[in-house]
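Chains as they are written, first to last, in the numbering used here: chain A, 1 to 609; chain B, 1 to 278.
One or more of the hints may lead you astray.
[What the hints assert, rightly or not] Examples of chain A residues lying across from chain B (beta carbon under 8 Å, computed):
{"#": "1", "residue": "232"}
{"#": "2", "residue": "235"}
{"#": "3", "residue": "238"}
{"#": "4", "residue": "492"}
[Unchecked claim] From chain B, some residues computed to sit far from chain A (all C-beta separations above 10 Å):
{"#": "5", "residue": "14"}
{"#": "6", "residue": "15"}
{"#": "7", "residue": "29"}
{"#": "8", "residue": "38"}
{"#": "9", "residue": "51"}
{"#": "10", "residue": "53"}
{"#": "11", "residue": "80"}
{"#": "12", "residue": "115"}
{"#": "13", "residue": "150"}
{"#": "14", "residue": "155"}
{"#": "15", "residue": "197"}
{"#": "16", "residue": "210"}
{"#": "17", "residue": "211"}
Hints listed in this document are in silico derivations from the structure and should not be mistaken for laboratory results.
Just so it is clear, CB atoms sit at the ideal spot from N, CA and C, and this is done for glycine as well.
Each chain is listed here by its residues.
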Amino acid sequence: MGGFGGGPMHGVMPGEKPKDFKGALKKLLAYLGNYRVALIVVIVFAIASTVFSILGPKFLGEATTELFNGIMGQIAGTSNGVDFSKIGSILLFLIALYAASALFQFIQGFVMTNVSNKVSYRLRKELDAKIMHLPFSYYDKVATGDVMSRITNDVDSINQSLNQSVTQIITSITSLIGILVMMLSISWVMTLIALVTLPLSAIVVSMIVKRSQRHFVDQQKYLGEVNGTVEETFSAHTVIKAFNGEQTALSQFEQGNSSLYNAAWRSGFLSGLMMPIMNLIGNLGYVICCVVGGYLAINGNITVGNIQAFIQYLRNFQQPIVQVAQISNVLQQTMAAAERVFTFLEEEEEVAEPSEADRVSTECIEGSVAFNAVSFGYSPDTKIINDFTASVKPGQKVAIVGHTGAGKTTIVKLLMRFYDVSGGSIELDGHDIRSFARDDLRSIFGMVLQETWLYKASIAENIRYGKLDASDEEVREAARIAQADHFIQTLPDGYQMVLNEEASNVSLGQKQLLTIARAILHDPKILILDEATSSVDTRTELLIQKAMDNLMAGRTSFIIAHRLSTIRNADIILVMDKGDIVEQGTHSQLLELNGFYASLYKSQFEDAA
Amino acid sequence: MLETVPAITDPEAPRQIDPDSRGVVEFRNVSFRYEGAEEDALSDISFIARPGQTTAFIGSTGSGKSTIINLIPRFYDVTAGVILVGGVDVRELSQKELRSHIGYVPQKNVLLGASIADNITYGSPDLEQAEIERVAQIAQAAEFIEEKPEGYDFDIAQGGSNVSGGQRQRLSIARALAVKPDIFLFDDSFSALDMKTDAALRRALATNLTDVTLIIVAQRVGTIMDADRIYVIDDGRIVGSGSHEELLKSCKPYYEIASSQLSEKELVSAGTELAGEN
Numbered sequence: 001m002g003g004f005g006g007g008p009m010h011g012v013m014p015g016e017k018p019k020d021f022k023g024a025l026k027k028l029l030a031y032l033g034n035y036r037v038a039l040i041v042v043i044v045f046a047i048a049s050t051v052f053s054i055l056g057p058k059f060l061g062e063a064t065t066e067l068f069n070g071i072m073g074q075i076a077g078t079s080n081g082v083d084f085s086k087i088g089s090i091l092l093f094l095i096a097l098y099a100a101s102a103l104f105q106f107i108q109g110f111v112m113t114n115v116s117n118k119v120s121y122r123l124r125k126e127l128d129a130k131i132m133h134l135p136f137s138y139y140d141k142v143a144t145g146d147v148m149s150r151i152t153n154d155v156d157s158i159n160q161s162l163n164q165s166v167t168q169i170i171t172s173i174t175s176l177i178g179i180l181v182m183m184l185s186i187s188w189v190m191t192l193i194a195l196v197t198l199p200l201s202a203i204v205v206s207m208i209v210k211r212s213q214r215h216f217v218d219q220q221k222y223l224g225e226v227n228g229t230v231e232e233t234f235s236a237h238t239v240i241k242a243f244n245g246e247q248t249a250l251s252q253f254e255q256g257n258s259s260l261y262n263a264a265w266r267s268g269f270l271s272g273l274m275m276p277i278m279n280l281i282g283n284l285g286y287v288i289c290c291v292v293g294g295y296l297a298i299n300g301n302i303t304v305g306n307i308q309a310f311i312q313y314l315r316n317f318q319q320p321i322v323q324v325a326q327i328s329n330v331l332q333q334t335m336a337a338a339e340r341v342f343t344f345l346e347e348e349e350e351v352a353e354p355s356e357a358d359r360v361s362t363e364c365i366e367g368s369v370a371f372n373a374v375s376f377g378y379s380p381d382t383k384i385i386n387d388f389t390a391s392v393k394p395g396q397k398v399a400i401v402g403h404t405g406a407g408k409t410t411i412v413k414l415l416m417r418f419y420d421v422s423g424g425s426i427e428l429d430g431h432d433i434r435s436f437a438r439d440d441l442r443s444i445f446g447m448v449l450q451e452t453w454l455y456k457a458s459i460a461e462n463i464r465y466g467k468l469d470a471s472d473e474e475v476r477e478a479a480r481i482a483q484a485d486h487f488i489q490t491l492p493d494g495y496q497m498v499l500n501e502e503a504s505n506v507s508l509g510q511k512q513l514l515t516i517a518r519a520i521l522h523d524p525k526i527l528i529l530d531e532a533t534s535s536v537d538t539r540t541e542l543l544i545q546k547a548m549d550n551l552m553a554g555r556t557s558f559i560i561a562h563r564l565s566t567i568r569n570a571d572i573i574l575v576m577d578k579g580d581i582v583e584q585g586t587h588s589q590l591l592e593l594n595g596f597y598a599s600l601y602k603s604q605f606e607d608a609a
Numbered sequence: 001m002l003e004t005v006p007a008i009t010d011p012e013a014p015r016q017i018d019p020d021s022r023g024v025v026e027f028r029n030v031s032f033r034y035e036g037a038e039e040d041a042l043s044d045i046s047f048i049a050r051p052g053q054t055t056a057f058i059g060s061t062g063s064g065k066s067t068i069i070n071l072i073p074r075f076y077d078v079t080a081g082v083i084l085v086g087g088v089d090v091r092e093l094s095q096k097e098l099r100s101h102i103g104y105v106p107q108k109n110v111l112l113g114a115s116i117a118d119n120i121t122y123g124s125p126d127l128e129q130a131e132i133e134r135v136a137q138i139a140q141a142a143e144f145i146e147e148k149p150e151g152y153d154f155d156i157a158q159g160g161s162n163v164s165g166g167q168r169q170r171l172s173i174a175r176a177l178a179v180k181p182d183i184f185l186f187d188d189s190f191s192a193l194d195m196k197t198d199a200a201l202r203r204a205l206a207t208n209l210t211d212v213t214l215i216i217v218a219q220r221v222g223t224i225m226d227a228d229r230i231y232v233i234d235d236g237r238i239v240g241s242g243s244h245e246e247l248l249k250s251c252k253p254y255y256e257i258a259s260s261q262l263s264e265k266e267l268v269s270a271g272t273e274l275a276g277e278n
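Bound conformation, chain A alone:
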């Protein structure tokens, strides 16, 4: 074993860096501040443990010197041989020293693990709570995968780094200083020689790293390529089969696979060279130290035990240097992770709820909705709804029409308070919707959106999400009304079929039928229905509409409409263009107006097919 205990230094990929190292560190330290006492214990015990273990070789050397002197004395006839009782007591002392060092290290590790896990527990808890309090606009900007990665990867890396790096920093620095002091106390000449060999190995290492880095980068690149090929082959499975592309796919994979093989073995070989070469240089250093040490010993300037101790220190000297180099990299990454976590925690939250006492109960809501001079913009400087007033009586059917991207869903988002109006108010049975608790308000609504939301569970469980205590029979009945029963029966495992993560094992239309079934089961006061354009075909659509008509009786409904029948039957049609409501009225009123709606209606429906 050489002097390098830092583990294989695979290519040492340059890590990511925090934007504001100090800022992140300060915030992280604030979290650690609660555990000040524990941290002091950690530091004291880490230093003590290191110092104790550094003292070891020195005493071991004294035992050797004693042994050497005894034997030499016996040979020369000047003493009665080895003083075993003295050696014995030195060794006993050593055992106690090492035992104490181990004990301290154990205590220090125990306390630190405790602290770092408490910190990450608290971070995860705060992140989770934060998710619920963030406004919807935040999730418009940020991918959910990013948020997930904050909670899992980033917190995990903070935890790990606190757990290991903090103690490593203390022990490494203590070791470096301690060992240097011990070496100097033994012989400054030998210390000088040792220090000269260090840069030599650093140069060799950097040369190898430089060469192998290229192959490591290649390895990552080809690995990505091979993964991509596999993924593509998987997702394009039918196309590959249908066009007899099996051979092409195979040869493409083989090409990537062999490039990966080449890069991987080159990088592996080069980084494998590193250890032996560094050992060689290290060992050369030992040899020189031994020769010089022997010379000094002959001159009587040094004891044999001290040479042995020195060699041991030399072996231990390089390890903390490597560690410190690695830790700085780890610290950068940790601070980057901490920075992302704190940025997330500092995001602006949703407007607070009304207090319990001021809240309006949603129990007796009948479903009348009034928009009073509503204005709204996703950002303060761009208003997309300017001045919208309308009143909807309980049980009325409201159709929202307009071109794609006209902002039809904005109305829905405002109604459910995913966003708050910038001006004016929306009232439900005469109460401003901001006077309800958000959860209560949203439970009044039933939604069927084009973008379906299903999760990894059986089909029955997905439908039951609308009413958690629904019996199997109720679930089936809801599916029947939603015209989903037949297709569910034809699926492998029927109602018990488990949807996968993206629910890609059922078709788009089928997904929508499932969410309709869910809404039917939910039995809401106000319905919000985003009519399907292409994912549910017109025949299914027609059947669903019949079911929905029954469901809509006595319920206020908002429909983002595409179908003639819906629009004609609506009590109020809201016509939207470029985000604003440009006209409102019944079908015949709007046709008479001969404005935007009339032209939209003509272009969309009369020339159709």
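Given the coordinates of chain A, assemble chain B onto it according to the supplied hints.
Here is chain B on its own, set in the frame of chain A:
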């Protein structure tokens, strides 16, 4: 995974397609059930699709119409009955032979991470540039391809995320055309197109594919109303068949679909009384 036995295997002595029945697709009392399902996805389906004709299937989501298309290139084997392609049971043909006669446009338009030209020639690697441009023209894709600075060398991202849904669909159609197949399978392949492109595409296909067998699964009546024979699928069964005009009169489910999509004028011009639904 390495030990899973492939469910679809080639016959030991594969037969060749009968040249006299080239392009003919016939289902004889075909039933099909997905593994572990409680009910048949298709039951007792029989029809013949011939070269030079358009055979269309229409029906609700989950009715089983896509399954019919998937059985023809033998992605699955039937549970009962026989499927004949070119006069031969598909199980007696090698998969390679069978699929080389078929141009398949899937419901999900999967493109590969490669240039537009490579995507079009995926099933026919030796195709010349002029031919590539011709099929792109027919598929109504030439215009948007030529608008790109790289033209046919434009690199498609994996999965096709850097082109729109409608463009993906047209490239996918061009890819199927490039194979020069006897049999064309369109699985709901017009749904991402706007009405105008849909119509232009159908016109181009009609003039260029005069002697191939066209099998189309669709949701829009407009896409299939010119078909020689339309089959209406409901709950995995054929509930009606005939031309557009015949079905409007005789098949209630078909009328329901048509009336929700077509204008009154079109329904009336088909010689039908309009039910006073609205």
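Check: Of the hints stated earlier, which fail here?
Finding: 8
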